[in-house]
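Residue numbers (UniProt numbering), protein chains in the order written: chain A, 1 to 447; chain B, 1 to 447; chain C, 1 to 447; chain D, 1 to 447.
No lab work stands behind these hints: they were computed from the structure. Be a bit skeptical, because a hint or two may be false.
Copies of one chain are not kept apart here, so a pair can be met inside one copy or by any two copies together.
Cut-off 27 angstroms, straight-line C-alpha distance, at most; resulting in silico cross-link-like pairs (DSS-like, lysine-lysine) [to be verified]:
| # | residue 1 | residue 2 |
| --- | --- | --- |
| 1 | K324 | K223 |
| 2 | K285 | K371 |
| 3 | K162 | K278 |
| 4 | K420 | K262 |
| 5 | K262 | K102 |
| 6 | K102 | K167 |
| 7 | K208 | K48 |
There are 4 protein chains.
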Amino acid sequence: MKRNQLKIAVIGGGSSYTPELIDGLIRYYDQFPVAELYLVDIEQGAEKLRIIGDLAQRMIAASGKPINLHTTMDRREAIRGADFVTTQIRVGMLDARSRDEKIPLSYGLIGQETTGAGGFAKALRTIPVILDICREIEELAPNAFLINFTNPAGIVTEAVSKHTRVKSVGLCNLPISTKMQIAELYEVEERQLFIEMVGINHLNWTTKVVLGGEDVTDDFLHKIAGASGFSMKNIPDLEWDAQFIQSVGALPCAYHRYYYMKDEMFRELNTAFMETGKTRADDVKEVEAELFELYKRPELVTKPPQLEKRGGAYYSEAAVQLMKSIYNDSGDIQVVNVRNGGIIPCLPEDVAIEVNCVIKSDGPHPISLGKELPPQVRGLLQIVKAYEELTVQAAVYGDYNAALQALTLHPLVGDEQLAKSLLQEILVQNAAYLPQFKSREKQESGK
Amino acid sequence: MKRNQLKIAVIGGGSSYTPELIDGLIRYYDQFPVAELYLVDIEQGAEKLRIIGDLAQRMIAASGKPINLHTTMDRREAIRGADFVTTQIRVGMLDARSRDEKIPLSYGLIGQETTGAGGFAKALRTIPVILDICREIEELAPNAFLINFTNPAGIVTEAVSKHTRVKSVGLCNLPISTKMQIAELYEVEERQLFIEMVGINHLNWTTKVVLGGEDVTDDFLHKIAGASGFSMKNIPDLEWDAQFIQSVGALPCAYHRYYYMKDEMFRELNTAFMETGKTRADDVKEVEAELFELYKRPELVTKPPQLEKRGGAYYSEAAVQLMKSIYNDSGDIQVVNVRNGGIIPCLPEDVAIEVNCVIKSDGPHPISLGKELPPQVRGLLQIVKAYEELTVQAAVYGDYNAALQALTLHPLVGDEQLAKSLLQEILVQNAAYLPQFKSREKQESGK
Amino acid sequence: MKRNQLKIAVIGGGSSYTPELIDGLIRYYDQFPVAELYLVDIEQGAEKLRIIGDLAQRMIAASGKPINLHTTMDRREAIRGADFVTTQIRVGMLDARSRDEKIPLSYGLIGQETTGAGGFAKALRTIPVILDICREIEELAPNAFLINFTNPAGIVTEAVSKHTRVKSVGLCNLPISTKMQIAELYEVEERQLFIEMVGINHLNWTTKVVLGGEDVTDDFLHKIAGASGFSMKNIPDLEWDAQFIQSVGALPCAYHRYYYMKDEMFRELNTAFMETGKTRADDVKEVEAELFELYKRPELVTKPPQLEKRGGAYYSEAAVQLMKSIYNDSGDIQVVNVRNGGIIPCLPEDVAIEVNCVIKSDGPHPISLGKELPPQVRGLLQIVKAYEELTVQAAVYGDYNAALQALTLHPLVGDEQLAKSLLQEILVQNAAYLPQFKSREKQESGK
Amino acid sequence: MKRNQLKIAVIGGGSSYTPELIDGLIRYYDQFPVAELYLVDIEQGAEKLRIIGDLAQRMIAASGKPINLHTTMDRREAIRGADFVTTQIRVGMLDARSRDEKIPLSYGLIGQETTGAGGFAKALRTIPVILDICREIEELAPNAFLINFTNPAGIVTEAVSKHTRVKSVGLCNLPISTKMQIAELYEVEERQLFIEMVGINHLNWTTKVVLGGEDVTDDFLHKIAGASGFSMKNIPDLEWDAQFIQSVGALPCAYHRYYYMKDEMFRELNTAFMETGKTRADDVKEVEAELFELYKRPELVTKPPQLEKRGGAYYSEAAVQLMKSIYNDSGDIQVVNVRNGGIIPCLPEDVAIEVNCVIKSDGPHPISLGKELPPQVRGLLQIVKAYEELTVQAAVYGDYNAALQALTLHPLVGDEQLAKSLLQEILVQNAAYLPQFKSREKQESGK
């Protein structure tokens with residue numbers, strides 16, 4: 001990476017999150033001096049991209065930073081020679097997410113963007129597009145880092161790691177948010193804390209909290225029960241049972257509620273849907289519509305506070321921190337999604353995991369956990385990871401058998417007849433976005 | 001083991017299964033010449049033991065084999081110097097089993113003797129008693145093999161392996177039954193088949209079928225879908241979906257129905273209970289009452305055909321085959337429960353697994369699987385094994401946290417509030433049989 | 001494999017060992033009824049093949065067994081449709097072996113056919129030829145088993161396993177000889193013993209001896225020190241030090257003398273060479289010349305007793321036992337060379353190891369060791385295996401760097417300048433047989 | 001650790017190295033404000049301790065830093081409540097080292113302080129004393145970190161890790177020196193480099209060099225061949241062969257010369273000894289005598305430049321950097337000796353390794369290597385580590401068998417008769433320092 005020539009390509013640049021990212025790039029410009037910034041989107045997103053591009057241009061101008069902004073629909077141009085490619089795409093847009101949330105509900109199951117059957121459908125749609133992007137990176141920017149925000153971020157990162165040569169890192173705002181919440185709980189600065197997080201994206205346990213050299217994990221687990229928060233904007237903030245937390249011996253992440261509190265979570269989601277006819281996707285659509293109206297205002301030259309309602313708090317923070325640390329060879333510790341490589345010995349070597357990594361100029365280096373995971377963590381982690389492996393296989397090859405086994409195995413589905421019907425509906429409703437399965441049907445009918 | 005001095009102790013000798021075992025010992029006498037046979041039981045089983053003892057004596061007399069039969073309530077006398085100790089005990093008797101089946105149903109969950117919350121409760125009751133027996137074996141017959149039939153056989157074997165120095169083997173009639181059914185399907189002799197079974201007790205996949213040197217697994221998986229059977233007496237014989245079996249790439253065992261068909265299985269069990277007010281335990285009680293009436297008849301000198309209804313087909317076959325092969329250093333292959341030791345690399349070294357073993361005079365030696373388990377097998381196996389590890393920990397130490405996590409983790413429970421209520425009811429209803437948890441309460445209240 | 005159509009191809013059929021094999025095939029004909037037996041050799045071996053072919057024909061005729069014997073130089077014809085292909089080839093013949101033994105001596109190192117620098121040179125010459133044979137098997141007899149006697153048998157088996165799809169088993173007479181010697185020591189039948197052998201070809205420890213169900217390993221280790229034997233015809237029979245054997249905790253194999261007694265072994269070999277100007281290869285040449293004279297005699301219709309001097313005692317026994325057990329799906333235990341697959345966890349998964357295997361119709365299945373190897377066994381095993389992995393890489397790809405590292409790593413070489421000179425001489429003296437290294441030189445000079 | 005109360009105990013405070021350490025503590029005082037500094041030594045070291053104590057006092061006084069210096073022979077007083085305990089002891093003093101160097105030479109083997117038979121003898125003498133110190137730390141300063149410089153640092157660290165509950169880190173100046181040499185080679189600041197070092201103490205490969213985000217390892221391996229240096233004061237600086245370095249694919253450490261160039265290294269050591277009758281220990285004795293004369297001079301108030309000749313360059317740098325980073329929770333990367341825990345998967349979990357670690361307030365956290373070690377690195381590493389495991393066992397339990405196997409296994413010994421004689425001489429000549437072996441003899445003679 002050459003100073004003064006730093007180039008970033010943002011795939012899905014028309015996203016409503018982009019002002020967050022622009023804000024971050026401006027704020028950290030001194031340590032991470034982006035020279036060329038490409039926002040790229042597809043035809044259907046042209047209008048949004050135009051609005052975002054205009055806003056971004058105004059923000060940059062107001063900041064006085066010499067960042068050259070480009071908006072384009074030519075992805076290859078954006079990727080060529082980039083140092084970092086970030087992806088924040090949504091294949092099928094919010095309508096597809098809405099279906100991902102509703103289909104499972106109609107089978108009496110939790111319908112969620114990234115967890116369970118909804119996340120599975122999203123993975124099937126997303127992975128082929130990401131792999132296409134990776135082919136272009138391999139050709140046009142082989143030294144670039146792919147910073148993948150696109151959900152399900154862990155599964156997508158695993159697909160990239162298994163099927164391409166691209167240097168990729170999966171990123172989520174959950175770890176950084178958790179760390180901030182713990183710092184708040186202890187009324188200290190984040191940097192005073194050393195937190196061990198172990199697991200996979202959206203299924204991640206905080207297994208150790210060190211404050212000033214002292215292991216305060218036990219104390220933390222007592223404190224946490226009564227404390228509010230430790231959730232995300234998009235997840236009902238049910239309170240953890242104190243005794244249960246003690247028996248886990250670690251703080252489950254916000255998404256664990258879908259597993260550990262699956263009955264109550266289903267009721268919450270289902271009741272909300274029954275009463276309003278809407279799911280989170282529909283709310284987000286409204287928020288986004290408002291946001292884009294706001295973004296259009298010529299007087300707006302900063303990230304508007306309303307963006308926080310959207311839910312991606314700290315997303316740009318996480319992204320800019322990561323790119324900045326790679327650029328500067330910082331050697332600080334961040335929780336990101338990387339290839340396992342033996343760090344979690346009870347999972348296969350080649351899967352994606354989410355753990356503490358030292359961020360150096362050649363990317364993230366996971367750090368040792370030093371102890372084995374207890375059975376209660378290991379068992380759930382293993383079955384969900386096996387589901388993810390099958391999902392990657394299904395998404396890459398259009399492998400029906402892998403897809404059926406993925407859904408059957410998932411703890412939120414678990415019954416083969418249910419899985420079969422659900423899969424059928426997912427395949428039909430997403431047919432426009434699943435070319436890998438279409439070719440399979442053709443092959444079979446051609447026999 | 002010295003010829004002419006072969007001694008066997010049968011703990012739980014008053015079981016209705018015992019005539020099966022006597023029949024097997026008589027049939028195989030030439031290869032396995034038992035000299036001293038001790039049937040031992042507890043005070044509450046005295047009457048049954050007397051009936052069984054008399055029948056066994058008549059059977060032996062009719063056979064003309066020189067087996068010295070002893071019935072006793074002195075367990076130490078029975079164990080002292082034994083070459084084999086077999087256990088077929090039921091702590092809390094059929095009443096406890098009935099509760100194990102009913103409690104989960106009342107929470108909308110599958111209630112089954114060995115699987116799920118029912119098996120969990122049975123493990124908590126059984127393990128302390130088995131460990132007591134093991135202390136006596138360590139003292140009085142340190143070279144004896146413990147042949148454990150007592151369910152949940154895998155969990156109990158793991159507890160013995162982790163917490164004693166006794167040479168133990170866990171035994172189930174499912175593998176031998178499956179092999180017989182496959183032989184029948186192919187219309188060949190069992191010995192013409194080589195079958196690879198992989199997993200843990202009651203969660204075991206048939207991953208390979210070799211017939212005359214040829215790997216016929218694919219053909220087998222096609223054949224199996226339409227075939228009836230491949231179930232056990234105590235499990236509703238729901239038919240496997242052809243496509244699903246293909247996607248597994250292996251034949252699941254009969255007990256897999258509780259996982260893969262959990263919705264339908266629950267309906268079957270619940271409907272039956274709602275209609276009759278009875279569970280399988282209650283049926284078994286009636287069958288047993290009839291059997292004992294039959295056993296009393298002085299003219300009965302052979303195993304009566306009605307015993308088959310009881311459900312333990314091939315149990316004695318499995319047991320006698322195993323003991324005979326150890327005694328004769330046969331080197332044949334049998335599927336039994338042993339310490340993993342790396343044979344299934346995705347499970348911890350020290351857990352119990354159920355796989356092909358070569359039976360030599362020093363016990364079973366597991367044989368290599370030669371390939372890794374696919375994710376769909378691995379994921380389910382790992383979470384259930386983690387549940388089992390937690391259950392052993394709960395049962396041995398009266399560890400409430402481990403118990404709560406075990407139930408929460410189990411795929412047939414999976415929700416923490418549900419698990420908590422269920423655990424409370426299990427602990428209360430089984431209080432008489434759970435001294436390990438009582439001492440814990442005392443300790444806590446004593447603080 | 002179809003009864004009455006059993007076909008065997010013997011590559012290197014002109015070997016002086018072949019009468020052993022013929023003898024075995026005749027003796028075990030009833031259990032292993034070979035219908036078509038092809039002896040195949042290369043042009044240079046035509047005369048030997050003719051002599052062996054005639055003798056074999058006389059032996060078969062005298063036996064009255066209906067085995068159709070074919071001698072041919074058409075390897076493809078021999079392999080086509082074969083059920084078993086055995087290899088007993090010697091690339092470069094005894095002259096090459098003589099060089100393998102002499103070159104290291106001139107550097108002050110042990111010169112031995114299969115161990116150290118000599119075995120390394122042999123592997124470089126042999127592996128390309130064996131891989132050629134494997135390509136033909138893949139094409140012409142994809143279901144055949146390759147039974148590889150060709151030394152270094154472990155390294156060759158590893159090359160086949162890593163670089164072809166052929167079902168191969170590596171075979172050595174050392175394990176069967178050791179077992180016979182132990183049986184003799186205890187004055188029992190072999191079948192009364194269960195012996196655990198662990199390691200790799202020609203570096204194998206007897207870690208457990210079970211006699212009649214009793215572990216007599218300690219007793220055995222005491223007995224062994226004073227006992228003579230436990231060596232091979234081609235290895236000086238130096239006596240093991242009693243205290244040393246105790247400290248190993250296992251019986252080293254005959255070839256271990258080259259490591260544990262390297263100073264004395266070098267003196268033995270070097271003194272013999274200095275005094276006579278001959279190495280073992282030269283002796284073997286003389287023995288072979290005599291043998292072939294003997295073989296020519298028309299009245300000879302059985303394996304002559306002089307063959308035993310040649311050194312391959314039990315080779316044919318081992319080979320016929322293995323093929324017979326596969327053919328009959330016997331399920332007996334034999335020590336053969338197979339892919340590790342986790343049986344020895346401290347070695348990589350994909351390397352060849354030599355351990356107890358159950359022989360079934362689909363080949364050998366290694367059986368679990370049940371305990372970890374102690375450091376004294378592990379350390380030596382690991383470094384020699386790493387040497388073997390590098391040797392395979394060097395032999396397959398003509399990789400000079402791997403070759404240099406292989407020799408430097410080997411405990412009998414161990415110094416880089418020494419390794420470099422030695423390697424140079426090996427490459428030059430064997431140039432005619434190392435096309436893989438030639439093409440590399442050409443590539444380099446073509447740059 | 002409480003600011004203003006930081007306490008350090010230096011066991012072996014009378015060492016000639018101590019002024020280095022004092023110098024470091026003064027230089028880094030602002031970041032690492034030591035309040036109480038205890039120098040402790042044994043009776044035989046009283047005079048040296050007095051001289052060092054006086055010099056240290058003068059140095060501190062001259063610096064104006066408020067460090068309270070204590071010299072004492074009461075080890076318990078020094079350890080009580082310490083935050084860090086450092087050890088730089090030499091059991092048997094330089095006379096013992098002299099014997100360690102000479103005994104192997106008399107057997108035609110390399111005689112070196114930490115490598116081979118010499119290091120083995122040192123480990124036998126040192127480990128019991130270190131374990132005694134650890135018992136006191138467990139009792140008197142359970143939260144203290146033990147910073148162990150005492151050689152053989154890796155073996156000693158492994159003994160502490162396996163046999164005590166003390167938080168220990170093993171430290172060597174080799175990694176920091178190597179990093180400085182590489183920085184010099186590239187004419188950059190150290191902090192611009194990211195270097196991956198893998199292995200165990202004194203057997204460590206530099207497998208990756210990253211400069212400004214770019215992997216320059218290949219370039220580095222070419223550069224290194226011609227470059228001088230990359231050695232240590234106490235190791236003959238033989239030049240690496242360019243082709244050999246390429247074939248390793250990594251930079252061996254200075255001590256690798258004893259393995260890879262064992263013939264030439266032996267000649268160097270032996271010739272020097274033959275010519276002068278002295279070994280390195282004898283030279284060091286003279287240097288030390290001069291140093292202590294120097295230290296006595298009242299006008300000396302800084303570390304004298306002559307200390308560099310002694311050989312421990314950067315030792316205090318390494319030590320103070322480590323303690324400072326722990327104290328400040330710095331999160332920087334340092335190469336230290338820690339428990340493996342799966343970071344090097346081809347070695348056992350519980351052994352000591354030397355790798356990159358992130359230094360946090362709770363100690364070092366090893367970071368993932370991301371790729372497997374090649375066979376040429378793995379094989380040598382594994383055998384030397386197995387030797388170390390046996391050495392720990394021998395040293396802790398006085399286990400003769402382990403000792404004999406350790407020496408036989410070591411690549412610089414390798415012959416059992418040689419090992420046996422050598423061991424006998426080591427045990428006899430060090431008898432005064434090997435109580436663990438004495439008690440064994442008594443037990444045996446008492447039988």
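We went through each hint and held it up to the structure:
1. Taking the closest pair of Cα atoms, K324 and K223 never come within 27 angstroms of each other, the shortest separation being 34 angstroms inside a single copy and 31 angstroms across copies.
2. Within a single copy, K285 and K371 get their C-alpha atoms no closer than 44 angstroms, and across copies no closer than 44 angstroms, so neither meets the 27 angstroms cut-off.
3. In the homo-oligomer, the alpha carbons of K162 and K278 never lie at most 27 angstroms apart, since the shortest distance is 37 angstroms inside one protomer and 52 angstroms across protomers.
4. In this homomeric assembly, K420 and K262 come within 27 angstroms of each other (Cα to Cα) both inside a single copy, at 21 angstroms, and across copies, at 14 angstroms.
5. For a Cα distance limit of 27 angstroms, the shortest separation of K262 from K102 qualifies both inside one copy, at 16 angstroms, and across copies, at 23 angstroms.
6. Taking the shortest Cα distances, K102 and K167 never come within 27 angstroms of each other, neither inside one copy (35 angstroms) nor across copies (51 angstroms).
7. When the C-alpha separation of K208 and K48 is checked against a cutoff of 27 angstroms, the pair qualifies neither within a copy, at 42 angstroms, nor between copies, at 45 angstroms.
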